[in-house]
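J.: So the sequence shown is numbered by my numbering: it starts at 3 and just counts up by one.
The set of hints was computed from the structure by calculation and includes no laboratory data.
Heads up, a few of these hints could be off.
[Claimed, not checked] Cut-off 20 Å, straight-line C-alpha distance, at most; resulting in silico cross-link-like pairs (DMTMM-like, lysine to aspartate or glutamate):
1) K360 <-> D385
2) K409 <-> D375
3) K360 <-> E320
[Stated by the list, open to error] Pairwise CB distance ranges, derived in the manner of DEER restraints:
4) E289 <-> R108: 50 to 58 Å
5) A137 <-> L335: 21 to 29 Å
6) H312 <-> L267: 19 to 27 Å
7) A58 <-> P30: 53 to 61 Å
8) T418 <-> V52: 29 to 37 Å
9) R217 <-> Q292: 46 to 54 Å
10) P93 <-> H312: 37 to 45 Å
11) T418 <-> E289: 23 to 31 Å
Every value quoted in this text rests on a predicted model; they were computed, and no experiment measured them.
By construction, the Cβ of each residue, glycine as well, lies at the ideal position given by its N, Cα and C atoms.
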Amino acid sequence: MNEDPQPVAVRAALRARPLRFPFTRWVPRCWAHLLCGALLGPPLLVVLAVLLVLGAALSVVGLGLPLLLALALAGIPAGSLARWRLGLVEPVPVPDPHRRLPGAGRRARIRTRLRERATWRELGHALLASTVLAAASLGFTAALALCGAFVISPVVVWALAPETVMLIPGHAVPGPLAALPFSAAGLAGLVLCAYAGALLTSAEVALARFLLGPREDDTGRQVLELTRSRARLADAFEAERRRIERDLHDGAQQQLVALSMTLGLAEYELRGREPRAVELVTRARGEARQALEQLRTLVRGIHPQVLTDHGLAAAVAEVALRHPAPVATDIELPYRLPALVETTAYFTVTEALTNAAKHSGAGAITVHGRMVDGRLVVQVTDDGRGGADPAAGAGLAGLADRAALLKGRLMVTSPTGGPTTLRLEVPCSGS
């Protein structure tokens, strides 16, 4: 993805206030994260080793395949547990990279998971978490426990007095006062552990994001992203749109206007002579006016005049005023964009607002638009129930195709429970 990666929260906190960091809430959270790694790593290693050994041994007689299959899929629950553990130190959760498979059978689920690259990345992370990362967490936990023991050494010596206490090999401590240097060393060690724990946690978080998070090339990721440039098709599409709009405006719309005028003349001629005929003509004239208004609404929907006259921000603001839910718009653009870019962005926003009104039950929606590095970035977020599936309908897929024609991309993220975020990125060259 082109957007900047989210910075690791622990690393950002350490860089922001390095001297005060040992006294912040990040320290116990980092220690808890590493302690969980030390506790979970060895059991995970045992499970992986048992599945591997038994699967390889029983494969000779044809019984090891289920165990090897379980080994291949073992990274999925391990990855879920690792993502949960990241919540101790990361305010922004790492999304599940796997495709949702509602209604799929067990065999279909297994086949799909085995084809997904995320499954094998999670297995690799499980191997690292059960060996290298577990060893590092165990070593850190031992060092932390030793420093903690040194800190309370005067209390320990006092509790065991008058016996002589051997805090370190070859060095006896006769009393609590003699243990104060050890206590000072323990405090210094805890400060060092605060920094060491932060660095180790930052490395683990970065690795987890790399291996456990979604990638652009993940099969079935619930993000529609198309980047192929098709300028010729985009021009043809825009020309066809203009032709349809012109035909509706100059053809059917004018005929309806003429029909309404003719009915009006007929009403005038029949007035006073044929009451029943006048009533029917009046009704027909009203229906003609209604059809004309519907046709004008359709023409405006194809390409609203306010978009042509005043640009994207004004057109989106007009749509927001008619939306049943409160919509906050924040679109600031330094200049008018190419017509194709404005049209694509406008219909993307309107589709997102329509979906939010129909399906999400959103109580508040925000529309944000900016120019970023020569690209128009529009993001629509609602606080609805989430769970939207971009592949379930043709609306978002069609918008993704339209964005792809301009070498842009459309991304939809909608976890269950919300929020739903639709993000459009289009080069402002429009080609």
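J.: Where does the structure disagree with the numbered hints, that is, which hint numbers, in rising order?
T.: Structure breaks hints 5, 6, 7 and 11.
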